[in-house]
Amino acid sequence: MPILSSFRPVALTALAAVVALAACTPSPDPASLDWDPFEARNRQTHARNVAFDRAAFGPVSRAYGRTVPAPVRSGISNFRENWLLPHHTVQYLLQGRPGLAVQTTGRFVINTVVGIAGILDPATPIGIPYRYTSVDETMHVWGVPEGAYIEMPLGGPGTERDWSGWALDFVADPLIFVLPPAAFNTLLAAGGLDLMNERYTLDPTINALLHESADSYTALRISYLQAARARLADGVDLDLLEDIYAE
Amino acid sequence: MPNKTTRRALLGTGLGLAALALLPLPARAQPEARAQALVAQLSAEALDLIRSGRPESQLYPEFERLLARYGDMPAVAQATLGPPWRSASDAQRRAYVASFQSYLARKYGQQFREFRQAEITIARVRDAGRAGVLVETVVRRPGQADVSVGWQVSEQSGAPRVVNIIIEGISMIATERAEIGAMLEAARGSIDGLIQTLRARA
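The listed protein sequences derive, respectively, from chains S and X. If you're matching positions, the first sequence starts at 10 in the numbering used here and goes up one per residue. If you're matching positions, the second sequence starts at 495 in the numbering used here and goes up one per residue.
Chain S with its partners taken away, still in its complex shape (with noise of 0.2 Å):
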C-alpha cells in the first residue's frame, strides 16, 4: 500500500461516482507531477479533509494507537493483509504474473495455517513478504495511463485509474463470493482499524504534510504520485533522478 495508504477510501458512497471515471484521461506527460486538470474542485475537497484529519480522524486514530499495544496492532494489520491474498492471487494471474500468483498463495496458505487465520506473519521471516496489488496496477500494466489526480472526499488521493481500479477492487474480491457476510464484515473492521493504524505509525510524516507545509494540497499530490508510480515500478526509475547540477 502506498505511503499515504491511511488516506484511502472509507467512502464508499464515492463508489458509484468513481465508477464513471473508468476512462482515464491521458497525462501530456507520464512522469509529471504537475499535470492536474481537476485541481480546482481538488483543493475544495481538500481543504474538508485537512479539516477532517484534524479534528477526527487524526486525534482518533492517535488514541487507538497509544491505547491498543502494537502486538495486537499488528496483529489486525496481518489479519487484513492475510485475508487480501486471494484477491491478489487473481489480480498476479490478470496480470500475467504467475510467478506472483504462486507465491501469494504460498504466503496465504502459510499464514493461514501456521500463523493462525493470518494473526501471525510466519511467512516473512521464511522470504515471502506481503506485496500490495490492486486492479490499479492490473490496468497500468495493461497499459492504461493513470489519468488526472483526484483527491476524493475522505478517500484522499488517487488518480482516475486508481480510484476506478478501487471500485473494481470489490467486486474482484473472491471472498465476497465465498465468505459470509459476517466474516467479510470482519474484514472490513479489521481494515478499519488497520487505516487507524497506519494513520497511527506515520503520524509525523502526515502531520507534516497535511498540516505543516506551505501548500499541503501540492505537496499531497507530489508525494502520492511519486510514491505510486514507484510502487508500480518496485523501485525508483533512475531516468526520473535528476542531475541537480544542471543549469
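Bear in mind the hints are in silico, worked out from the structure with no lab data behind them. Small disclaimer: the values here were computed from a predicted structure and weren't measured. Check each hint, because a few of them may be wrong.
Covered by chain S, per the in silico footprint, the following chain X stretches (three or more residues, Cβ under 8 Å) [unchecked claim]:
| # | stretch |
| --- | --- |
| 1 | 527-539 |
| 2 | 595-609 |
| 3 | 619-632 |
| 4 | 657-671 |
The beta-carbon is built from N, C-alpha and C at its ideal position, and this holds for glycine as well.
Once you have looked at the hints, place chain X on chain S.
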C-alpha cells in the same frame, strides 16, 4: 506496503537494539563504492545522534551539521529554488542557503527521529549516470512497515556528497521545490520574504 511485523515484534520485545548492517555487495566501480561508504557512515552517525537522547534544541543544529558535512547543501538549495536563484544577490544567496539548510534540518530531523529504533540496511547501489549514484537503503523498525530510503550521491562538486533523498519514491527536492515555490509566492516573489519564512520554520 510490505509487512510490517518483524519477528522481533511478534516476540513482543520492543527492544530496538539496532545495528547498521551492510549487505556484502560485490566489488563495484569506485564512485559506487564511495557513495555506499558515504551513506553507511552518514546513516550510522545520524542514528547515533537521534539515539543520543539530546534535547531538541541541540538535536536539530547537530542534524544540520551532518547535512552540511555529507550533503552539498548550496547545490541542493539552488536546485530547489530554481530560476529565482539567478536574480538573487550574493548576500541573498548566502542567507537563503543558510536558512534553507536549517529549515531542512528541522523538517527532516523530525521525521528521522522516528527511526530511533530502526535498523538501516543498504539494499542496492545503482549508477544513474550524470545524476550520480543511487544508494537504496531499507529502514526496518519493530512492528512497522519497512521504509525504503534512497540517497542520491553525486561527485560533481569534487567529492561524493548527498544531493537528494528519496523516501518511498518521493524525491525531497521535488517536494521542497513545490514548498519553496509556495512560500515564495506567499511572499509575493520576494527572496528576502522567503528567507524570513524559512527562518521562522527553522
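What are the numbers of the hints the structure violates, in ascending order? 1
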